[in-house]
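Here is how the chains run, residue by residue.
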Amino acid sequence: MNAVLKTAFAAAVLTSGCADPLTPSWLVDRVRVLGASVATEGDPSRATPHPGETAHVVWLLGFPSEALPSSWVFVACREAGTLRGAPACGERPFARFEGTSDAGRAPAFDVTLPAAFAPDGQLLVLGQICTSGAPSFDEATAVGSCRGADPGTTVDLRITVGSAANDNDSPVFTSDAFTFDGAPWGASESADPCADALVPAAAPGSAHRVEIAMPDEAREAYGASSRETIQLSHLVNAGELERQFSFVEPSAAPPLRVAVAWTAPAAGSASTPRFYFVARDDRGAAAWATRTICIR
Amino acid sequence: MRSLPQRRMLQLLLAAVVSGTSLVARRAFAETTTKAETTAEDPDLEEEFGATARVEAPPREVTKRTLEAKELTRVPGTFGDALRAVEVLPGVTLPPNAQQPLIRGSNFQDSQVFFDGAPVPILYHFGNFKSFVNSRLLERVDFYPGNFSTRYGRATGGVIEVRPRDPRQDRWGGVVDVSLLDSSAIVEGPVGSRASMGMAARRSNIDLVFKSLAGSADFNTVAAPLYYDYQYIASIRPTDRDRVRVMMYGSSDRVELVFAKPADDDPAIRGQFAIGTQFHRIQSSWRRQLSGAASQDIQITAGSSKFDVVLGPNSQQRIGVIDIGGRAEWTFALSSRVRAVAGLDVKNEFYRGTYTGPQPTDGEGTLETKFGTQRTVSAVAHLTVAQPAAYVELGVRPFDALLVTPGVRVDWFSNLGRVAVDPRLSARYEVSRRLAFKAGVGSFSQPPEPWQAAASFSNPNLAPMRAIQTSAGFDYRFTDTISVGVEGFYKRLEDRVVDTVGGAHPRYVNDGAGRVWGAELLARVAPRDRVSGLVSYTISRSERSDHGGAYRLFAYDQTHVVAASCGVALGRGWELGGTFRLMSGRPLTAIAGRTYDATSDLYIPRSGPLYAERSPVFHRLDVRLEKKWTFSSFSLATYLDVQNVYNQQSVEGRRYNYDYTKSEVVAGLPVLPSLGLRGEL
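Residue numbers (this note's numbering), protein chains in the order written: chain P, 436 to 731; chain B, 2 to 682.
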């Protein structure tokens, strides 16, 4: 065990501070799945459906430019309880979901948990999401594919089966959660972000500071003395971001803010910079938001 | 490393144990073996028992390879470290981040390293540049790649026995050695006419330059990498028949950094990173010649070890271990043709501490995955492991040229509640003074790591692993200094402990098998004259099977391993040496696919056929140059040890991008010089 930790330590030391010559993880340079959220029917803030309840599962896709339609297939099963590697079904899936989503609409489905599910167990969703060609997914091998040019993405999501003792609400981004160089940064649905007053502007190649604020309530207390950790993923389809991940640790004192540097793309970049922010607590719940920037 | 246990009632400390190193009942037996006045297996005995000629007795093991004091500190590329020097011997490789050398296709934990008969808990300091002991305090290193004596157990691989020397008895003196890597000092000398003592201490110098070499805005250095070790040896000869040796030794490594931001490829790696490992030992031994035909060797060892590792907020290990062990060995010359050795060998470990982190695994047979995608397990370590063993061995010479050594070892593993019985047999036939044939077969048992068999954490029903080892070969001496040895070997592994698929309950099972076969050649020129050196070659194949599946390559299998090392005394105090290594690349596993894990926002790779590919051939040249000035009362030397002289970019592995669709090679160390200055009194 010590060898495992030492190796990881050595790897961390050796790779820390190195510019990654491989594709940076924060760059949405192709269609990417960025997360999934769970909302319990009748109590949408709760991410832990109880046995017999229905959960609404939504997948977040990131696009390098325009949003594309998607097709998808998912199966739901009881999770096997493995500790590493891709999670696997402990028994045959009890439900299968297939569908398509128009451009701009996220893949989504509703799953009703069997009443016999044990509280505090894990429901596993496995599947395949494609933006080109029909998806297929082999339940036996948990391998998916797309019949098209886009290889698609094989995905998994673990959903904690709730009980009165372990219910978990999804984290939320408040309306003032994001600032760009200290100025409020609102969401925009406008086709031309430069025409929207809520959208900040940046000069090509200029350096900026993005800040995300989380409410203290986002870190729920659970168990005897534990408090959630919030993992923030920040990605962008243009420019250069300092890193992909930030954390709000249980010990962090309010106000809970993280900052990340971003350099705007050079002049001539075709894409409007779109940021994707995903907040995850360490008990399986997630929420997301997107923001755009006007380059001029 | 041994750690991670689980809750258990603390058992009473087992009684201190007795044990010993091998004293050979020599004279009567010797007369029939070498036709010399003595055949001491241990050169110490020459002095003790008045030998007038040094003729080594044939080893109890099929294969025993010894690196003498003169060689231990002069193998180029080892920075003068004795336990790095074994890398040039056949059957040995030392991959980066290895806990200890890999021997004949066995995994790290399957072999054991002993310091004067006692197992060593932590062999190397950071980076594997230096081991825990100052090499200038050593008399020799004995290496048994397989088919070793019943004196050794709890291992299915090989054994390395590090033999300290007695401190000098002629006068007080010392050595001071300062290099870029570390600084050390030795002081030793006589205490009266029957005793001597020596002390050594070493401290790394890396921390002095760490910030300037590795300074980065990405991490803060709380404690720069620092290691130290120390050894104290007192040797007393109260009578002509007795020798008492008391040793204290220990080692410590510490580093603590705080990373400023999470790693993009694995955000679980963030925040505090600290490693603090140390061990301290006191060890005493008493050798007594009971009569002309019987001797006794008793040894007791006690100490403590700490393994503290913090790797981000989700992985923490704080384990303390108290070790108490010992040996007692009695040797009898039953007749002029029969020698008997009987012994007890006891090892007790008391674990205390906590572990939180990914499920421990040795990494063999699985694809490495990111910490952030692994579930966290926790355990409280209150574990007692007692492992007493008894062994007996005969040395029978039915006629002068043939030595047959049958033996049996019985081990008890308290945490498993199981007994292992290991019969072993070896034979050596001396066709002439130059040529000898040898062969051996035997059973070898090894307990699982304590945490693998801890009841509430993993699988208390595990059984010991077992290996059947066979080997045969010959030794030929061209002259007193030039010799060649060739051995072939086959090793079958049974009941190997493997992880369950995905780490599911009970996490570890005896569901693995293995087989290793190959041949080794060692040609050497002993360091008696101006020139010394050796050439070694190993061809082997090491395979494993998991859960009844087809055999695959072992993670560290290397088909061809060649090492050539030589040293030349050029005169006027100049010495020049070089070591060249050439070896097959290590196996690699291709990525067959990936799954996006929405829970962690990371990708989990899907393995292709395990170890179906190989990294490119590895080769490297190391050179060592030393100039020594000798004055009337002291000497001064300066040396330059350069590792990887022509800066060969060896491939240590592959590093992947975030979704495993692109990769790049991870290169090994570039050219690495170490300049040093040494003064000797």
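Read the hints as simulated data drawn from the structure, not as lab findings.
Mixed in with the good hints, there may be bad ones.
[Claimed, not checked] Taking CB as the label site, the calculated pair distances span:
no., chain 1, residue 1, chain 2, residue 2, range
1, P, Ser567, B, Asp208, 50 to 56 Å
2, B, Val223, P, Ser661, 36 to 42 Å
3, P, Ser661, B, Val393, 53 to 59 Å
4, P, Ser598, B, Ser457, 55 to 61 Å
5, P, Ala659, B, Ala593, 41 to 47 Å
6, B, Arg353, P, Glu677, 41 to 47 Å
[Claimed, not checked] Among chain B residues calculated to face chain P with C-beta under 7 Å, some are:
no., residue
7, Thr370
8, Glu495
9, Ile605
10, Gly609
Ideal placement from N, C-alpha and C gives every residue a C-beta, glycine not left out.
Status of the hints after comparison with the structure:
Taking the beta carbon of each, Ser567/P and Asp208/B are about 55 Å apart, inside 50 to 56 Å as hinted. The hint said 36 to 42 Å for the Cβ distance between Val223/B and Ser661/P, and at roughly 26 Å that hint is violated. A beta carbon spacing of about 56 Å between Ser661/P and Val393/B agrees with the range 53 to 59 Å that was offered as a hint. Judged by the Cβ atoms, the range 55 to 61 Å given for Ser598/P and Ser457/B is violated: they are separated by roughly 24 Å.
Taken as a hint, the range 41 to 47 Å holds for the pair Ala659/P and Ala593/B, whose Cβ atoms sit roughly 42 Å apart. For the pair Arg353/B and Glu677/P, the supplied restraint of 41 to 47 Å holds, since their beta-carbon distance comes to about 42 Å. For Thr370/B, the shortest C-beta to C-beta distance to chain P is roughly 5 Å, which falls under 7 Å, so the interface hint holds. A hinted interface residue such as Glu495/B counts as satisfied when its beta carbon comes closer than 7 Å to some beta carbon of chain P; here the least separation is about 24 Å, so the hint is violated.
At about 5 Å, the closest approach between the beta carbon of Ile605/B and any beta carbon in chain P falls short of 7 Å, and the interface hint on this residue holds. A cut of 7 Å between beta carbons decides the hint on Gly609/B: the least distance to chain P is about 12 Å, and the hint is violated.
The structure does not agree with the numbered hints 2, 4, 8, 10 stated previously, though it agrees with the rest.
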